[in-house]
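Q: Next come the chains, spelled out residue by residue.
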Amino acid sequence: MSAFIVKFKNIKWKRYTNYIGISLVLLVFTVLTLADSLPQSTLFLLEKIGISIILSISLGLVVGFLGELSLGHAGFMCIGAYIGGKTAELLSDVGVEGIFALLISVVVGALTAAVFGFIVGLPALRLKGDYLAIVTLAFCEIVKTAFENSSKESFGGPMGLRTPRFDKHYLFIIIFSFILVCLAVMQNLIRSKHGRAITAIRDNEIAARATGINVTKYKLLAFIISAAFAGVAGVMYSFANSTVAASAFDYNYSIEILVMVVLGGMGNITGGIISATVITFLNVKLTTMLTGDNAVLKDLVYALILVLIVIYNNAPALKYVRERYNIRALTDKIFKKRSDVSYDTDDEGKWDRVPTKIKMDELLSVDVVVRESVIDPDKEGKE
Amino acid sequence: MEFLLTLINGVSLGGIYAMIALGYTMVYGIAKMLNFAHGDIIMVGGYSIFVFAATSFGTLPPWVSLLFAVLMAVIICALLGFGVEKLAYKPLRGASPLAVLITAIGVSSFLQSLAQVFFGSAAKFVQFPDLGSLSLGELTVSYSTLITLISTVIVMLALTLFVKLTKTGRAMLAVSEDREAAQLMGVNINFIISITFIIGSSLAALAGLFSLMNVPFIKPTFGSLPGIKAFTAAVIGGIGSIPGAMLGGILLGVVECFSNSVPTLAPYTNAIEFAILIIILIVKPTGILGKKRREKV
Amino acid sequence: MCEYVLKTEGLGISFGGLRAVDGVELRVRKKQIYGLIGPNGAGKTTVFNMLTGVYQPTRGTFYLDGEELKGLSQDKINQKGIARTFQNIRLFNNMTVVRNVMVGFHNLPKYKCSFIDSIFRTKRHRDTERAMRARAKEILSIFGLLDERNLLAYNLPYGKQRKLEIARALATNPKLLLLDEPAAGMNPQETSELMETIRFVRDKFDMTILLIEHDMSLVAGICDELTVLNFGQTLACGETSEVLKDPEVVKAYLGD
Amino acid sequence: MKNVFKKVVSFTLAAALTVGSMFALASCGKKNYAKDNETIKIGVSGPLTGGAAKYGIAVKNSAKMAIDEINAAGGLYGMKFELLALDDEHKKENVTTTYSAMYEDGMQISLGTVTTAPGLEFKELSKDDNVFVLTPSATGDDIVEYSNAYQMCFADSNQGTASAQYFNANYQGKKVGVFYKADDEYSSGIYEKFIASLDQSFKSAGVETATFTGDGLDFSTQVNMLKDCEVIFLPIYTEPAAAFMKKGVGVISNSAIYYGCDGLDGVEAEFGTWDEFMAIPQEVSFLSHFNSKAESGPAYDFVQKYNATYDSDKEPVNQFGAAAYDCVYAIFEALKFAKENLGKEFDESTSPSDYCDILTEVFNSDSFVFHGITGKCEGNNKSDISWDDSGFVNKQADKYVVKPAN
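If you read the protein sequences in the order shown, they are chains A, B, C and D.
Here the first sequence is numbered in my numbering, starting from 814 and rising by one per residue.
Here the second sequence is numbered in my numbering, starting from 956 and rising by one per residue.
Here the third sequence is numbered in my numbering, starting from 395 and rising by one per residue.
Here the fourth sequence is numbered in my numbering, starting from 4 and rising by one per residue.
It should be emphasised that the hints constitute simulated quantities derived from the structure, not laboratory data.
Fair warning: there could be bad hints in the mix.
[Claimed, not checked] Have a look at the derived ranges for each label pair, beta carbon to beta carbon: (1) A/L837 / C/D541: 35 to 45 Å; (2) C/P503 / A/K1098: 33 to 43 Å; (3) A/D980 / D/M281: 53 to 63 Å.
The beta carbon of each residue, even a glycine, is placed where N, CA and C say it ideally should be.
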């Protein structure tokens, strides 16, 4: 018994914060739904939050850990939703339904999305920062257009694809289970040599190459895994709704996912989970609270909150205020873990300290003839 | 014949894209940010023209009232661009480009919903004096198309000369090249960035005018699609490059019109435009006229 | 076994018609500390960039232990056994010190652990992680960085960042270590410490070291042999003491 | 570390307690959220912001207007109505939110959704809870798939077929062009039915087709493609139609005829002023159940009243609003009918499901005929509107000529 207690004490709890948090939420709400005491609005809210969390974690790999800017995450989700939904539809034709159909659809949807993740990852090898951002945005729009113009028989055309809806009382349990899977894959990956390689590429691509990291391989790997989980989120979406229409997956949606990741903090999975929850919750609450004539204020309020949060979180002038009043300082205060040097943190950093990636450094020019200029990367990001 | 008409339509549409892309490129090259709210400044310009043209029509001769409206739109947009930069972007100077990007998205959504609060969601028709059209044999080209094209070229040339010849323009180049060094050389960064936003936003107001001359309807989402298209155009031409913005805009407009003119391709127009973007970037990662940059090791 | 760890044959590169480096012949023996010196813009870093695959040489070739490495990618060259540091320090700033070193172990066969192993946290994953961490701590303690191992690299003082960069390069288990101006920005006290460290590295790891340096006291103090570059051409090469006396070299450094 | 251990234990205990107490509180079975209602709540989900907002706002305003009228006149046997209008932004993924919020807020009867795409989601949810749906303007054929749903507007297939029949009867020998929105279910749905029912003679002469997608309004290319057509079918909404007509000036023959469906109602309002609209030389006409430019009769009265109540400059009236107005009155009349003719009992706290059973019975009954402002009105008489068992509406559509050719 005492041996057990010692072992229990030695567990690095902070490593498991995310699992414990998600599992507790899952547990509480599972019990509630089994007791049939959850209103459906809560069930739907949980589904939405769950999907957002998967999206946020998966995009976090590309943006937060690999350091590439992607504005096309909704495109992967769209592929997952359509392919997963179609698989489920075909399966229900041959009599496979329920959880088995869902699992098979998830596998098919995730794999297809992963293939596209590979394809989109290829230009990422050549393009940087905002150029990659626009290419991913373009990819997302192309996928959307392709599905919108599909024939009625294949993917339903503009009407969208009718997909079998999963029992709303239990779908969120499955979604949250997939969050756990997604978390496990991401965290195990990040805390391994492969994750270190990816983070190293983010921090300094040139040094990473010189240290023997195969940049091509790891960039593609990050894109593939990220796309696969976006695909999973898409399949979940198709089971949470009775139709999947491509118009939902436009660049605005990609941007919303990016907002979740950015507000969560670079390479901060817990932050991504929290901000995905808060943003989704905020959106839903604004929709249900500002009704009728006030609906027009919804976007106004959302935009204001967004701008204020970003400025508060990032403005250099507010640095000292920020360091005193933030969630981490608060939790540190509660758990008194402020200066535990022996503890290994995840490789979180600050967005503005990443020197080689996500930069906007093109020069203004009036020349018609293309000239070459040399940039000194050590100047970047230091302003 | 058919071909020529489509080409003219394409060039005219491209001129509008180019005008927006010029603003994008200026702001990008100097403030180093993707100003996603740029499209919505066009929308504000459009509404300004709508309001001032409507209030002054009847009291003033049509041409004068139109010019008055355009002038007001330019002033309002310039002030708006200046204000947005000071309130939303300046506090974030030195922070991550991503934070600025998200703020720009927030500003964009804010402006759109504000327009809906004030003007409602329905499209408004904007009255323009009929400018007529020019007949060249079988071809008829409306004067508004010609005005759009000529103005775009003039604006591009003026910008080029401004940047090349004036002190402020050269300071802009310097700030774009190396902000710290420029500051050390006595360039007032805040002033240069403000000027850039003022110029970019004034161009947006003009773009709003030309869009309205082309299609005289204005609504809160008026700017978002042209905004994205112009961003695409700027990237195709090589973001940061003033001639590149022009080239990319025209190219995109022509492609759009030709794709629309083929019934089987028409539904895929957006996809085709974006596919061209991807191909160009894969072949030339910095766009057609973008500066090729090599990282120093 | 080859006589030379590193041998270059007529190594050269042109940028748009300009011959930046031409006909560089280096012969570096095992366990040697070899200096590459020359005035600013002489092409020293360019030589390093060619040796590490950042640039592909347009003329000539180079061999590591008799194996031709020209044309390989940067990570392949590193795996073959050339590691480097940079003139302007390039650390993984947002990673902890110990992880910076652990990245260096990435390709070592004894820490082989597939992606699948990591995802499922198999025994192999846990064993290699533990072994890597232990080894990283060893290396860090050699460089006196053990106490800072859980700091973010960004927060290290300048001198320690230099050391960490060398530690990370050594972690890749190279045959040849390229140091690009290791003493840049250091005071005499730190420089002499650095000299000790470099010697120690050579002795402890049986390392061959090629370094670029401007600080003549350091060069004279530790280099066995030198090559002097000027305008991309070899000006002189040979024993350190002799080369430094060469009137041509003195002229290149001090001007007429 | 000991602290942490303690905390974990206490936290687990607290969690267990919470879960346990929630268990104790849990009630079983379907809840009737309406049991505390003081009014009969009618819910509608529509786009109140974004690109399609004007349709949602017209529906919301008109439904509100109808409810205010009814309440001012004493309500239904003293019972008052209340409108719940939530914003779905014309996106189907928002419907789960809007629907469940309204349902839990005590919605007893619904007007479904304003547009088709979100309606496809709404119908599944409302079917599960057995909530009555009478949609003013979601025209998709699939909207009324289940027995609880009815339409006040014509279904897409009806509009497409009816338009084709009109063409077959009246426009023989003319060259036909079609301009539709390829990524819109309303537009492409009508287009498909239209082409399927069009006479072979038109097709062999060649039907020119031009399309557009997204929000763009620059149709110079499309106008060029259709410039030789004599009748142009426009199964689209007013905004792109107005942009098309404006571009068509001087390109498309002045004698050509623009012919649209109910989406074209209110196209003149897009032009701001009547003069500006009259500057379009071609004939503009459409097949619809409502004519917002009627000069007398019930439709005229409705429009007058709407304009007096709301800022018609900002959110102009259209057939969406008229249909919503009719929907509210249809529900009102149906409930009256249920009480008087079928002897049903209901009050403010009756559950949605019971309301649904009552209303379905009324709407399916052959003797229930509603007199509304949509459909073909003769003089000052309101039109006759009834529903078939599958949920489609039976009323007369008419071709309205908004303006003749100049």
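Q: Hints broken by the structure, by number, lowest first?
A: 2
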